[in-house]
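A.B. asks: What follows is each chain in one-letter form.
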Amino acid sequence: MSTKQSSKPKNRSGWIMLAITLFLYGVTAFFDASITRSALNKSLDTLKMITPILLVVFFLLALMNTFIKPKSIVKYLGKESGLKGWLFALVGGVLSHGSSYVWYPMLNELRNHGARDGLIVAFFYARAIKLPWLPVMVGYFGIAFTLVFSFYILLGAWMQGVIADNIAAKNRASF
Amino acid sequence: MTPLSTRFKQALTGTLTLLYSIVPMLLAVIGLVGLFQTTVTPQMLHSLFSGVPLLDTLIATLVGGVSVGQPFFSYIIGGELLKEGISLYAVTAFILAWVTLGVVQLPLEWAIFGSRFTIVRNLLSFIFALLIAWATVATLSTLS
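These protein sequence lines are chains A and B, in that order.
No gaps in the numbering here: position 77 of the first sequence is 77 in my numbering, and each next residue is one more.
No gaps in the numbering here: position 10 of the second sequence is 10 in my numbering, and each next residue is one more.
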């Protein structure tokens, strides 16, 4: 985990994935066109839902690259960030909206500027607490379950972050 | 020092280039999500459970990991599974894996963060889905 990747994914893998997806749609259309139509409608709904969030994330990314110096990122999310770093990651994860893949580019940018892997891992796991859906969870499983479950998610997010940091440190040491 | 407007323009160009580079993978993931939501029904997910708590917890984590959709779908399916006698261990693991594991978006995560990060993160998420399910149910049993 110590090797930082380029923020740009390899273009070819994206195109290959897209070709596979289109092939699957083609196969589905061959057997039942109504399934393909329904899948396309659902995909369009998803696209409509994530586009505004994606644009906000990319705008934030541009702002971040303009105003925030890598030194500040290292200070708040780097090796020496301590409790502050964990708080940023956990609270940020709980408050973040939209599908997790919308956040990938921004988080990788932070990572490339010195944010710890552990904090990124903790951020992703803390996203399991979905504030807007908590009342639905309480309705189905009760308040005790929701509270205990949410507590363990936060604890688990922190523990995974610590483990991920240790793995990253070991990998760095082995180079 | 470079003026702020120039720095912002440069940053905006950089992020737009990044956006452009992830568009094919993003569209592929969104397409797969739609296909999955159409072809895999809650009834199909239901039929995978055996009634054996330990095995069901493992199955639930795997099924939750490959499932996609809004989190409240997992609560609805989880609630139904619970009514049909599937253990709370399995239902908890299912709900957690639904939001923390992402088999469909794995290629995108892999392309952006790299293989090592993706493997470690998903492996940890898988293990912790089982651990948190166990800890949650154990704590609730103790409290009651």
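It should be emphasised that the hints constitute simulated quantities derived from the structure, not laboratory data.
No experiment lies behind these values; they were computed from the predicted model shown.
Worth double-checking, as some hints may not be accurate.
[To be verified] Below, in silico cross-link-like pairs of lysine-lysine (DSSO-like), each with a Cα-Cα straight-line distance of 27 Å or less:
id	chain 1	residue 1	chain 2	residue 2
1	A	K84	A	K130
2	B	K9	A	K75
3	A	K130	B	K9
4	A	K130	A	K42
5	A	K48	A	K130
6	A	K130	A	K69
7	A	K79	A	K69
8	B	K83	A	K69
9	A	K84	A	K69
A.B. asks: Check the hint pairing K84/A with K130/A against an upper bound of 27 Å on the C-alpha distance.
C.D. replies: At roughly 22 Å apart (the allowed maximum being 27 Å), K130/A and K84/A satisfy the hint.
A.B. asks: Hey, K130/A versus K69/A, does the alpha-carbon distance stay inside 27 Å?
C.D. replies: violated, 31 Å
A.B. asks: Below or equal to 27 Å on CA atoms is what counts here, so check K130/A against K9/B.
C.D. replies: violated, 34 Å
A.B. asks: Is the Cα-Cα distance between K48/A and K130/A 27 Å or less?
C.D. replies: holds, 20 Å
A.B. asks: Just to be careful, I want the Cα atoms of K130/A and K42/A compared with a cutoff of 27 Å; is the pair within it?
C.D. replies: Holds, at about 22 Å.
A.B. asks: Decide if the proposed pair is consistent with the structure: K79/A and K69/A, CA atoms, cutoff 27 Å inclusive.
C.D. replies: holds, 16 Å
A.B. asks: Are the Cα atoms of K83/B and K69/A separated by 27 Å or less?
C.D. replies: Violated - the C-alpha atoms of K69/A and K83/B are around 53 Å apart, more than 27 Å.
A.B. asks: Is it true that the CA of K9/B sits at most 27 Å from the CA of K75/A?
C.D. replies: holds, 26 Å
A.B. asks: Please verify whether K84/A and K69/A have alpha carbons no more than 27 Å apart.
C.D. replies: holds, 18 Å
Comparing the model with each earlier hint shows violations of hints 3, 6 and 8; every other hint is respected.
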